[in-house]
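If you read the protein sequences in the order shown, they are chains A and B.
Following the numbering used here, the residues of the first sequence are numbered contiguously, the last one being 232.
Following the numbering used here, the residues of the second sequence are numbered contiguously, the last one being 232.
A couple of the hints might just be wrong.
One copy or any two copies: either way a pair holds, since identical chains are not told apart in the list.
What the hints assert, rightly or not - Straight-line C-alpha distance at most 20 Å; calculated DMTMM-like pairs for lysine to aspartate or glutamate:
#: 1; residue 1: Lys86; residue 2: Glu190
#: 2; residue 1: Lys86; residue 2: Glu170
#: 3; residue 1: Lys86; residue 2: Glu186
#: 4; residue 1: Lys205; residue 2: Asp176
#: 5; residue 1: Lys200; residue 2: Asp176
#: 6; residue 1: Lys86; residue 2: Glu221
#: 7; residue 1: Lys200; residue 2: Asp187
#: 8; residue 1: Lys205; residue 2: Asp187
#: 9; residue 1: Lys205; residue 2: Asp125
#: 10; residue 1: Lys135; residue 2: Glu29
#: 11; residue 1: Lys200; residue 2: Glu190
#: 12; residue 1: Lys135; residue 2: Glu53
#: 13; residue 1: Lys135; residue 2: Glu112
#: 14; residue 1: Lys86; residue 2: Glu119
#: 15; residue 1: Lys135; residue 2: Glu104
#: 16; residue 1: Lys205; residue 2: Glu188
#: 17; residue 1: Lys200; residue 2: Asp70
#: 18; residue 1: Lys205; residue 2: Glu119
#: 19; residue 1: Lys86; residue 2: Glu112
I should point out that these hints are in silico values taken from the structure, not numbers from a laboratory.
It should be emphasised that the depicted structure is a prediction, and the values quoted were computed from it without experimental measurement.
Protein chains: 2
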Amino acid sequence: MPIIILHQPQLGENIGAAARVMLNFGLTELRLVAPRDGWPNRAAVPMAAGAFEAGVTVTVFETAAAAIGDLGLVLAATARPRGLQKLVTDAGGGAGLIAARGLEAGVIFGAENHGLPSEVVALADVIMTYPVEPKFASLNLAQAVGVFCSNWGAVQGRQGRFEGADEGIEPPAPRDDLLRMFAHFEDELERAGYFYPPEKNDVMKNNLRTAFLRGSWTVQEVRTARQGAGRA
Amino acid sequence: MPIIILHQPQLGENIGAAARVMLNFGLTELRLVAPRDGWPNRAAVPMAAGAFEAGVTVTVFETAAAAIGDLGLVLAATARPRGLQKLVTDAGGGAGLIAARGLEAGVIFGAENHGLPSEVVALADVIMTYPVEPKFASLNLAQAVGVFCSNWGAVQGRQGRFEGADEGIEPPAPRDDLLRMFAHFEDELERAGYFYPPEKNDVMKNNLRTAFLRGSWTVQEVRTARQGAGRA
């Protein structure tokens, strides 16, 4: 599971918010390189929303080199060109690369005011950058962490899903049931003189059937509709 | 371009942070449904980091129905099951769907404390949910907006790229240059008695060549290396 590393972060609020979004997507190891206001930091607590108690661990290092010393793959998040000959990827590519390599991996993010120094980027294997608007390219630090973490969640194959439930849309009713429902409706409509002029009957019926089918009615919905239509 | 709608947001800070991350990924239309503290809200300013001045517009509505009245496609972001028979997708799927349909689309997010009420989810076409950790599923509101926005940026085909530059890794040197460099190195090493025992020469050379090739040396790097090796 990738490790998130914040290089010289300034605001405790951002450290807390980063921890929260890490745990939202299942990441639990946070490393801080020389945090400006030290660690622990009270300002981190409200934004973390309980993430530290719920599983995110924090380790403090003095240098970036020490913080990545045990890692086999390091990505550096940056929005600025560096003149360094390194592979460049985006958040989805970065998460995919980490999953594919199977190495102990870390993603390092720079400080709020000036990002990562080039000598830290130089220690990384790969540069990760996001598809940002060139004229408004600076993400909040915790948002930058969140973009990576959400891509990690997606790559893990945990499809968007509901908390504690497999709930999704039910399958549509069998085509037979739908056809019987259409026939029933069409009989009713015919009796009411709905299909006029007669030569357009087929086109109108096909269009109605198409619209109904697009709704993928379930068994229960078909049953409700047929009751409402007053079955003879 | 999709519209971001916040339903009864409580904290101005989150509205500002949402605006910032919207503009980071090129989105500019923000709608607020009955914001708790009214609008404008001073608390939004620092977290927006200039996003309102740089292009994000805000419109306030009294009801969700009014806020989505002109839209052809509405996604509701929620982490809780609803018992509603709606299609469910994740952030990448939601961004892709909006891009594919080409309709005026909106994504609506619920309040910090309890998310979207079911009667608002019922107004949407599709439910969007994220691959979150079931035991720690509640994202910060602006982070939830950010996850969608970053996926929108990715779907737009704006690959991760650098601000104002096409910079990336240079192509590797032509294979000929590399082979000449290898031959040169190997001559030097042979003279220094490096290859021992002789019957392992070929294996050692193949392994060295493989390691060098993996680095995808550029023309400039090959040139530097050959100068350093003191060409005869």
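Against the structure, the hints:
1. In this assembly of identical chains, Lys86 and Glu190 lie within 20 Å of each other by CA distance neither inside one copy nor across copies; the values are 71 Å within and 31 Å between.
2. When the C-alpha separation of Lys86 and Glu170 is checked against a cutoff of 20 Å, the pair qualifies only between copies, where the shortest distance is 9 Å, while the shortest distance within a copy is 47 Å.
3. Taking the shortest alpha-carbon separations for Lys86 and Glu186, neither the intra-copy value of 66 Å nor the inter-copy value of 26 Å comes in at or below 20 Å.
4. When the C-alpha separation of Lys205 and Asp176 is checked against a cutoff of 20 Å, the pair qualifies only within one copy, where the shortest distance is 17 Å, while the shortest distance between copies is 70 Å.
5. In the homo-oligomer, the alpha carbons of Lys200 and Asp176 never lie at most 20 Å apart, since the shortest distance is 25 Å inside one protomer and 73 Å across protomers.
6. In the homo-oligomer, the alpha carbons of Lys86 and Glu221 lie at most 20 Å apart only across protomers (13 Å), although the nearest pairing inside one protomer, at 56 Å, exceeds that limit.
7. Taking the closest pair of Cα atoms, Lys200 and Asp187 come within 20 Å of each other only inside a single copy of the chain (16 Å); across copies the shortest separation is 87 Å, beyond that limit.
8. Taking identical chains as interchangeable, the C-alpha atoms of Lys205 and Asp187 lie at most 20 Å apart only when both belong to the same chain, with a minimum of 11 Å there against 83 Å between chains.
9. Neither within a single protomer nor between protomers do Lys205 and Asp125 lie at most 20 Å apart by alpha-carbon distance, with minima of 62 Å and 25 Å respectively.
10. Proximity of Lys135 and Glu29 under a CA criterion of 20 Å is satisfied inter-copy only: 17 Å between copies versus 33 Å inside one chain copy.
11. Only within a single protomer do Lys200 and Glu190 lie at most 20 Å apart by alpha-carbon distance; the minimum there is 12 Å, versus 90 Å between protomers.
12. Taking identical chains as interchangeable, the C-alpha atoms of Lys135 and Glu53 lie at most 20 Å apart only when they sit on different chains, with a minimum of 12 Å there against 38 Å within one chain.
13. For the identical chains of this complex, Lys135 and Glu112 are intra-copy neighbours only, at 17 Å inside a copy versus 29 Å across copies, given an alpha-carbon limit of 20 Å.
14. When the C-alpha separation of Lys86 and Glu119 is checked against a cutoff of 20 Å, the pair qualifies only within one copy, where the shortest distance is 13 Å, while the shortest distance between copies is 50 Å.
15. Taking the shortest alpha-carbon separations for Lys135 and Glu104, neither the intra-copy value of 35 Å nor the inter-copy value of 24 Å comes in at or below 20 Å.
16. For the identical chains of this complex, Lys205 and Glu188 are intra-copy neighbours only, at 13 Å inside a copy versus 84 Å across copies, given an alpha-carbon limit of 20 Å.
17. For the homomeric pair Lys200 and Asp70, neither the shortest alpha-carbon distance inside one copy (75 Å) nor that between copies (32 Å) is at most 20 Å.
18. Within a single copy, Lys205 and Glu119 get their C-alpha atoms no closer than 70 Å, and across copies no closer than 32 Å, so neither meets the 20 Å cut-off.
19. When the C-alpha separation of Lys86 and Glu112 is checked against a cutoff of 20 Å, the pair qualifies neither within a copy, at 23 Å, nor between copies, at 40 Å.
The structure does not agree with the numbered hints 1, 3, 5, 9, 15, 17, 18 and 19 stated previously, though it agrees with the rest.
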